[in-house]
Structure formats: C-alpha cells, structure tokens
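Asks: Protein chains in written order, with the working numbering: chain A, 1 to 578; chain B, 1 to 236.
By construction, these hints were calculated from the structure, which means they are not laboratory data.
A few of these clues could be false.
Subject to a maximum C-alpha distance of 35 Å in a straight line, what follows is the list of computed DSBU-like cross-link-like pairs (lysine-lysine) [to be verified]:
id : chain 1 : residue 1 : chain 2 : residue 2
1  : B       : Lys234    : A       : Lys492
2  : B       : Lys224    : A       : Lys406
3  : A       : Lys61     : A       : Lys543
4  : A       : Lys242    : B       : Lys111
Counterexamples of contact, computed for chain B against chain A with all Cβ distances above 12 Å [stated by the list, open to error]:
id : residue
5  : Lys14
6  : Asp62
7  : Leu146
8  : Arg180
9  : Glu218
10 : Val228
Computed from a prediction, not measured in an experiment: that's the story for all the values here.
Every residue gets a Cβ at the ideal spot worked out from N, C-alpha and C, and that includes glycine.
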Amino acid sequence: MYYKFDVVIVGAGGAGLMAAMQLEGASVAVLTKVYPTRSHTGAAQGGVAAALGNQEEDHWKWHMYDTVKGGDYLVDQPAAEVLTREAIDAIYELEHRGLPFNRTADGRIDQRRFGGHTRNFGEGPVRRSCYAADRTGHMLLQTMYQSSIKNQVRFFNEYLVLDLLLNNGQACGVVAMEIRTGEIHTFHAKAVMFATGGYGRAWRITSNAFACMGDGMAIAYRRGIPLEDMEMYQFHPTGIYKVGVLLSEAARGEGGKLLNNEGEYFMERYMPTLKDLAPRDIVSRCILQEVHAGRGIDGKDYVYLDLRHLGAKVIEEKLPDITDFARNYLGVEPITEPVPIQPTAHYAMGGIPTDIDARVVIDPQWTPLPGFYAAGEVACVSVHGANRLGTNSLVDLIVFGRRAGKHMAKFIKESSHAPLPPEPESYSRELVSTMFASTGGESAARIRSALQNEMDEKVFVERDEKGLQEALDTLDRLQDTYTRVQLQDKGKKFNTELVEAIELGFLLECSEATIHGALARQESRGAHYRTDYPHRDDANWLKHTLAYKGAKAHDVRLDFKDVQMVDDPVFVPKERKY
Amino acid sequence: MNVLMRIRRFDPDKDNKPYWDEFRVEMDPIDRLLDALNTVKWTMDGTLTYRRSCAHGVCGSDAMRINGRNRLACKVLIRDIGNKVTIEPMLGYPVLRDLVVDMDAFFDKYKSIKPYLITTDSEPGTERLQSPEERARYDEGTKCILCGACTGSCPSVWGNPDWVGPATIVNAHRFIFDSRDQGGADRLAILGQRNGVWRCRTIFNCADACPRGIPVTELIEQVKRAIVYGGDTKVE
C-alpha cells in the first residue's frame, strides 16, 4: 500500500506520543511494532525530574548543574538548559492531561530524592523526582495514549519499520512491514520522526524489553546518518541478579542502601556526601570494585540492596512493583531480606544526533537533514552526555518529544512533500526476500546469544583495548554469519521469526558503532571506563564521537564534534566528586 | 527441570483448525514460562508464535491461557507449574496465529468509555490540587496494563463478544473516581446501557486473572453502585 501523511512518527512511547500531541490539524501516522501501551516507556519506574520546588527549595539551574556534572561534562549545555527549564512546564502539562502523580499533604505533586540530584550545586540530595508510586513510566505512557485517543491520532499497530526514505538530502518517508499480514507499505511524508528507543538487548543482562533492538538508530546509520557517543551506554546498578529486571533507584531515593558480604554499607566509603545516591555510573563501578575485592555475596558477582530499615509501609506503598518483582523472580521478601542485585544494561546516552528542536544533524557542523527528527532514547541531543541521571530520561522524552512536534508543525506548513526516490520499497523487499530465500543454515537466536555474551563480558562497566578488540573481531565474525541466517518459518502472517532476524541486524549495527566508539575513546568518562586509560582527558576528549557506516562491511569512519558550553563559570568542567 | 509443554497451535495459512503440539524442554525452576517458550522458538521450532516484550509483567504483551487460567507468561515461573503445562491463546478473542490473538476490538471497547481526563475548567498555571485521599480513591485502576487477561477470562464476554468487559470498566472507574475529572456522568450513562456494567455476573474470574492484583470485580461493583445510587464518586 501507499500512504501519504504530513508526518510519520515511528514509535509510540513517550517521545512519539508527545510529538503527536503537538500536531493537531495535521495528518499524522504513528507506526509502532507493538501496541502503543506495550512501549518500553511503560517500564520506567522511579520518576520524572523537574525543579518544581514542591518539597523544598529548588531551581532549574541546580537541575542543569547536576545534569551537566552527572554527564561528566560531555553534555551539550544549551540542551541541558532547555531540558531543565522546560521540564517544569512539561510536568504541569502531564498533570493537566491526567497523569496521577503521588501528592503531598497539601495536594501538590509529591517529589522524592534520586541519584545525582542535589541542592545548591552539589551540597546534598534534593527532592526533585515527581513520581507515581514506582510505575511513573507506566502512568506517563497510559496518560499519553489516553490523550492520543482524545486527539484521534491514527495508529498503525504492529508495523515494523525497515527503511528511511531520503531523496536529495531530504527525508520523505519510511517503508514498513505490517507484521499481521507480512505486507510491505510505503509511508510518504513531509516530516519523519524516529522515537524508537534504545538497544539494550545487545546485552544478556538487561532491563530492556525484547522490543529494544535499536531499530531507529540502525536504520538511520545504514542510510549514512552518524550515531553519536555510542560508547556511552549506561549500566544501572540495581538489576535483579541473573535476570536483569530493574529495581528502581527510587529504592535508594527512599533510603535503601547497598550492602557487601561483610555487612558494610559500602557506598559511604566511596562517596561520602551522596553515598547510595551517587550517579549510576559511579555506583555500578563501586559494585564491581567490591566484587573484584572479594566482597561480593558468597564471593560471586553480586551485592545486596537493603530495604529492610524502610519498614513495610514505605516499601508497600511507595515501591510496590519492585517489591513484587523481588518476590516473584527471586523469592526474596524485601521487607525482611536483602535483595541480590547486579549492574544491568539499561540506557543509551548516545544515538542519532539532534539539535534542541529534535532535528537530526548529520555532521560536526550541525547540518540538519531536512524533514528528519528524533527524540527520546534513540536520539542524542546530548543532555545526558557520558552518563544519564535517574529520572532525566522521562524528562527528555516529554521536553524533546514536544519540541519535535512543535517544530514539525511549523515545518510541514512551510514545505511540500519531497518526491519519493525511485523504487522506494526495493531495499526493504530485498531485505525480506533474502531472509526467506537464505539456505545458509545459521540461526538468528544463536548469533544474538553470542553477541550478548560478548557484550556482557567485554563491553560492560569496565573496558580495555584488548577486550574491545576481541569484541570487535567477534562482531565482524557474527556479521558475516548473519548473512547466512536461515528461517524455519516461511509464512507471511505474523512471522515473528522473521521480525527477530531483521531486528538482530539492527542490534549488530548498534553494537558495531558502540565498540568502535569505545575503542577510539582513550579516556574514562562517565559510563565509559577504560581500565587502560583510567582518567578523564579533557585536553583530547572533551568531544563527541560520530560513527559513520562505511561502504564496505566492517568499515566504520569516526568523526568528532565539539561539546557545546554556556558562558557561565559554574558549568566549567572540573573533577567529579560526590 | 524437564517440562512437557502442550501448546495449542494454529496457522491460518496452513491449518483448517487448531491442534495440540508438544515440546520437551530442560529449564531452571526459577526460569519464567516465557523463557521456556523462547527456548522452544529459538532452539526447536522457529514457527511458534506469541507476543512478548518487557518480560517482567508491565507491558501486557504475553497474556495467554496457562493451565486453564489467563496469566502473563513472564510472571509464571517454572517451579510454579511443575513438569507439565498446557498453553492456549486467551478465549474471547479471534486467534491470529498460535498464541497471538486480535486485540483490536478490545482496544475499541476501551476507547468507547472516553478513557482520558475530561475537564471543562480552564487549566491552572501549575498543577491541579488533589489530596492524597482523593488520589487513593482511584489508585487501583491506574495499575491496569491493558493485557486483556481479565476480559478474556470472563464467561459473560465469551457469551457476548459485544459486551465491554471488565478491563474497560476498570479504566472507566479510574476516571469516574478521579476528583479532577468532569466526564463521569457521560461514562456512567454509557456503562448504564445494555452492554455496560449489568452484564457482569460477579464471577470473579477477572480478579483472579489480573496480573496487577487489581480487585476488578470490586471496582465494577463500585461503578454499578454509582449508576444506581449516584452520589459523590470522588471521596470514600
């Protein structure tokens, strides 16, 4: 089928739906490979940060400072200013749309502490996270979906996008496969927005949904658009041991502490001011150091999250979901027992480079690709720099999702549909027919499993040149093997084996950019910790990496982009202590 | 642990009617049933078809009928089911393929009760105020993940596919009892009609099926009482 819309949005999580809300009167299609309410935004737990000051004094500039410092100064500072200023209004907008926030005694939005969020430029923790129990993302996703029903947004549910259409340096649509029928469709548009989320399934121990396969990043990358700072991948400190399911940082925001096998609350030793509320990159590294020193539980690679001192009431009322996860998946009762945890792959700080209007920019000179937008985890604006603070992801979605929508609303009034390239579906049809025709005998599941093992082992919290080079060799081999993937399922209707095989291709692309960036960046900054280069190197590396896919297999070109600063001494890079 | 999985299969392109298929897998007691399905798909039969995404009970993709009861495959552990398990698509929905059912009608019913905040006042410059007690009044309904397990477990739905079903009523409740909302009368009028709340026979299958622990039947009863007795739905 051929469809024509003003705007096509790919992804129905927080960013995509927030953008769709800004486009009243325009013809908009939202394509999503799962039903909208299944999007991974719904798994966010702890909260959404904004300096409302409902509980104690707070200012957007304090929030901006924490964001910049939390990101180890790789943050583009003007973007962080936009994020933290507009967060306040965005939260009120969500409330007006019906989001059921927890409330203070006087009826205002309740706020709680979260990692790395401080008062007065680092003096101590501040209550900044607006929340709805420990299912804030679920509430946000439901609220946005409800709003989109009110606004009669047109959804294409269970459509897998395969390609981005460009013509003469302008975006003009996408090609997608309808999973239910296997049919290929062209969506012709004036503006295309990617809001497809991250690629956490490149690791085995992950908090991410099966849907998080890096679709949008990989599709853009294949079309010559660079991926920025892909080496900056966050490992959340408190994933359920062996399973990876997230136990929200809200647990520590409410007072939970990490415990080693000697019964010591060890974060007090590493970070005397913020302790267990230090940023995630630091806490994950501290857990690994405890494990290396033999202080993991039973000498193994995990520690405990201790909530016992919070009491049953706080645990049941403010952390009900994660309590249920601990009970269900570990058989552990958090009210009376400490919970086994380990770092889990969680969030991509990197992604498709954008400016503060969510326009995709394709080079170090910030040249926009007209008609192409991205927001949310798929994008790198870059407000998270080298490490994202907890509760800043949901803010990112709503602030930059909204900005994308507003800019597209303007853009489509000023422009007409660019013509489609000749044979727009040829690449996608070839992709699918090659998969069906292959007799190479290889299994996508086996390749994915090998990739995840390698990423868990060598592209984790700590990296070094030797391990990364081995990971790259493995990846090259897996990419070759991938060309020989053979399907058992030759059916057209709801062929999830085909979907998984295509998604594996996306995952390999994202992993390629990640490993190349990690090898190149010879310093330690934020989530990227190189044991062979253990210090931050501002003289050489206060810059973003841009990975471009080369013409030949395994060929990647790296370029670099300056970090944007504001003219204010408070934001000048300095040593990061908590 | 060795587990015998008995799975209801149907491929509309190949099969005239559904049939039973069997697989034996070796699993850990703390693995999820979803892990067992994945083991089959990834190592034995790539054609096995089911939905899944978050794998920890918050996205609502993998609701299915497990040993006769609607459950999320990612919340059921192998140790809870033992050595043998029977898996079918949920009843009450058209089957698209194997364990995948068509949820479009389910979402259309959800949309029919105007599941969004309706207000006539102009918006304040900051948040609307709501006391913790008012917030608690509709808390249960906000947990719903629209997995469809309750609706697919309800004999009244099986008998009358046009009935709105429990999930829709739970989501109506979430707004009717929200102190900020002003669309309650509209929704109560919709739910007072022939295919509204009155087809609920308080069978409690819905409450048993809910993976989020929502007391579904109780919320439906509260809506029934609001229709009959009127009164203030915003406070306890």
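Asks: Determine for every hint whether it applies to the structure shown.
Replies: Hints, verified against the model:
1. Among the hinted pairs, Lys234/B with Lys492/A is inconsistent with the structure: their alpha-carbon atoms are about 50 Å apart, more than 35 Å.
2. Only pairs whose Cα atoms come within 35 Å are accepted, and Lys224/B paired with Lys406/A is rejected, the gap being roughly 42 Å.
3. With a CA separation close to 23 Å, the supplied pair Lys61/A and Lys543/A stays within the 35 Å bound.
4. At roughly 39 Å between alpha-carbon atoms, Lys242/A and Lys111/B are farther apart than 35 Å, so this suggested pair is violated.
5. Against the 12 Å criterion, Lys14/B falls within the reach of chain A, whose nearest CB is about 8 Å from its own CB.
6. With a cut of 12 Å on Cβ distances, Asp62/B falls inside the contact zone with chain A, its closest approach being about 10 Å.
7. Separation of Leu146/B from chain A is inadequate, the least Cβ-Cβ distance of about 5 Å not exceeding the 12 Å criterion.
8. Non-interface status of Arg180/B relative to chain A is broken: a Cβ of that chain comes within 12 Å, the nearest being about 7 Å off.
9. Interface exclusion of Glu218/B from chain A stands, the closest Cβ pair being 18 Å apart, more than 12 Å.
10. Here Val228/B stays apart from chain A, with its beta-carbon at least about 26 Å from theirs, past the 12 Å limit.
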